[in-house]
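> Residues per chain, in single letters:
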Amino acid sequence: MTAALATDGLGHRYGRSRWALRACTLEVPAGRVVALVGPNGSGKSTLLHTAAGLLAPSEGSVHVAGAAPARSLARIGFVAQDAPLWPRLRVAEILEAGRHLNAHFDTPFARGRISQLEIAPRARVQTLSGGQRAQLALTMVLAKHPDLLLLDEPLANLDPVARREFLASMFAACTDSGATVVFSSHVVAELERICDHLIVLRDGRVSLVGDIDDLRESHRIVSGPQGWPEPRATPVICARDAAGRTTALLRCDPAAALGPGLDETLPTFDELVLGYLEQPSPDHQESVR
Amino acid sequence: MTWLAWRQHRGPTLWALLTVAALCGLMLWSGLRATNALEPFRAAGCIRAGFDPGALRGSHCAGVDQFGARFNYAIPLFEFGVPLLLAVIAALIGAPLVARDLEQRTHLAAWTQSVSRRRWYLSKVVTAAAGIAVAATVAGFAADRLQRPLTEGGLTSSRWPWFFSIDLAPAGEALLCFALAVAAGAWLRRTLPAVGIALAGFLILLLVTGRAVQTLTPTSQDTGPRPSVPRDGWILHGNTYHPASQFWPLQLTFLTVQLVLAGTCVALGWRAIRHRTP
Chain A
354 MTAALATDGL GHRYGRSRWA LRACTLEVPA GRVVALVGPN GSGKSTLLHT AAGLLAPSEG
414 SVHVAGAAPA RSLARIGFVA QDAPLWPRLR VAEILEAGRH LNAHFDTPFA RGRISQLEIA
474 PRARVQTLSG GQRAQLALTM VLAKHPDLLL LDEPLANLDP VARREFLASM FAACTDSGAT
534 VVFSSHVVAE LERICDHLIV LRDGRVSLVG DIDDLRESHR IVSGPQGWPE PRATPVICAR
594 DAAGRTTALL RCDPAAALGP GLDETLPTFD ELVLGYLEQP SPDHQESVR
Chain B
1074 MTWLAWRQHR GPTLWALLTV AALCGLMLWS GLRATNALEP FRAAGCIRAG FDPGALRGSH
1134 CAGVDQFGAR FNYAIPLFEF GVPLLLAVIA ALIGAPLVAR DLEQRTHLAA WTQSVSRRRW
1194 YLSKVVTAAA GIAVAATVAG FAADRLQRPL TEGGLTSSRW PWFFSIDLAP AGEALLCFAL
1254 AVAAGAWLRR TLPAVGIALA GFLILLLVTG RAVQTLTPTS QDTGPRPSVP RDGWILHGNT
1314 YHPASQFWPL QLTFLTVQLV LAGTCVALGW RAIRHRTP
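Protein chains in written order, with the numbering used here: chain A, 354 to 642; chain B, 1074 to 1351.
Any given hint could be a false lead.
Listed next, with one range per pair, are the computed distances between beta-carbon atoms [what the hints assert, rightly or not]: (1) B:A1340 / A:D623: 50 to 56 angstroms; (2) B:R1263 / A:A596: 52 to 58 angstroms; (3) B:T1350 / A:A383: 25 to 31 angstroms.
Stretches of chain A that chain B covers, calculated by requiring three or more beta carbons in the stretch to come under 8 angstroms of a beta carbon on chain B [said to hold, decoys possible]: (4) 421-435; (5) 446-453.
Among the chain A residues that face chain B by a calculated CB cut under 7 angstroms, a handful are [said to hold, decoys possible]: (6) N393; (7) G394; (8) L407; (9) L408; (10) L438; (11) W439; (12) A456.
These aren't lab readings, by the way, just hints derived from the structure by calculation.
Yeah, the Cβ is synthetic: ideal placement off N, Cα and C, and Gly gets one too.
Taking the hints into account, I'd like the entire structure generated from these sequences.
Next comes the structure, spelled out in structure tokens:
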């Protein structure tokens, strides 16, 4: 089966030498809800922009359901950071624009969703709250019934209540549509409930990718006396000392025994993500050795 | 796509159309008044080839020299006003056409619908250009209707500057200024500087191309003890003129030059859009 989104050695370079994304190889199976996580400037937006056909790869390739993104625009729904929409247009006119710009645009669905969200069709976009505008932008792309939905930091400018509502309604809409969803965020806490696949980017490179359940199974949080573990003996992702003990996130074979005197547990989603975000960068590790 | 382009820019476009309509109305009204004012002199046979209003003083044609003073206002208002006003309108429509979307980041929404980037750009440009071409052509023919009686009345010694305000010339000029503004907006990503650059660039190109059309094409000279330039000739200065038979070839040449330059600008704008990173 063709992956909903596949990249192979994908890289994008701004100017001559500034690589925003490099050697990115991954496959997202159809139907997954993917959290794309990484610090600011780690290449999240660049990856989403290349997948949405907005950026041409400088090297490697990106495919959406087996085709180049620029040729599959009708199958991709993309909402940019801050959900930019024409500020002087009215809500109903935004949907009208969607109808004119897309051969297959489900206007009744879009109108229904807008009235469900209690957004006035006569309101101008510039008078909407950040949450309402994000919802309107999401509605506009959901009405395309895309196979792949790409959302760039949809939660960034929402207050906690709006964020919770947005996530719930986004999850419901995505499950109904059966689309593959990739959304980027640097807010980790809320993602676990709705995501089943994870991509962690660091400095323009993929540092972790996979189904969340598999990833949790293949990692351990191990706590032992201070000074443990041996830096080179085990695949330590990151370690920290607290209250005379050292706690570390390890990548390991589920069957392997780690040794006596150590407490091991499966990492939670947060522990897994934060562990990879805190992982010393490869350059740093090199210099330590 | 045309629907969105129209919806996004309809406010300024309607204002522009109203302004051009008012300008045309004013020109037709002035033209009618000028024709009426000339009527008695025409009936008396005072308007003929190469007449010199000064020589007619004291004859039954006296008073035709009053005509110039009465319609003097039309020179700054229409002869130079038509191309300038159309250029300003074209720049104000062209500059935000692409730049406004880039400023508001709404290009990200537009470019990720099912419409290709090329179609987005071309639809916008072609829709706006068609409207500008129609409006400027109407204004050009209204200006032609005005300049006929004014020339007959011997308003100025040089008829040539009218060449750039009448018939097809205004359409070419407006389209060139529009295309300059679109390209400047696409490269600068800002509306206001694009308006300024487009107007400055347009004035330079108009001077250069106007000068080229005037000097690179053959002129006629009428010499003799009492030079008499044909009444329908296009006097450059003194007794140098382009004969009337050259008028349409010159208009078409000028229009073609403007359109080629405009097309180049649109292509340059497309280069900026095609390689635009988000």
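> Taking the hints in turn, state whether each one holds.
Results for each hint:
{"no.": "1", "hint": "B:A1340 / A:D623: 50 to 56 angstroms", "verdict": "52 angstroms, holds"}
{"no.": "2", "hint": "B:R1263 / A:A596: 52 to 58 angstroms", "verdict": "56 angstroms, holds"}
{"no.": "3", "hint": "B:T1350 / A:A383: 25 to 31 angstroms", "verdict": "29 angstroms, holds"}
{"no.": "4", "hint": "421-435", "verdict": "holds (count 8)"}
{"no.": "5", "hint": "446-453", "verdict": "holds (count 5)"}
{"no.": "6", "hint": "N393", "verdict": "16 angstroms, violated"}
{"no.": "7", "hint": "G394", "verdict": "15 angstroms, violated"}
{"no.": "8", "hint": "L407", "verdict": "5 angstroms, holds"}
{"no.": "9", "hint": "L408", "verdict": "6 angstroms, holds"}
{"no.": "10", "hint": "L438", "verdict": "6 angstroms, holds"}
{"no.": "11", "hint": "W439", "verdict": "5 angstroms, holds"}
{"no.": "12", "hint": "A456", "verdict": "6 angstroms, holds"}
The structure fails hints 6 and 7 (numbered hints given earlier, in ascending order).
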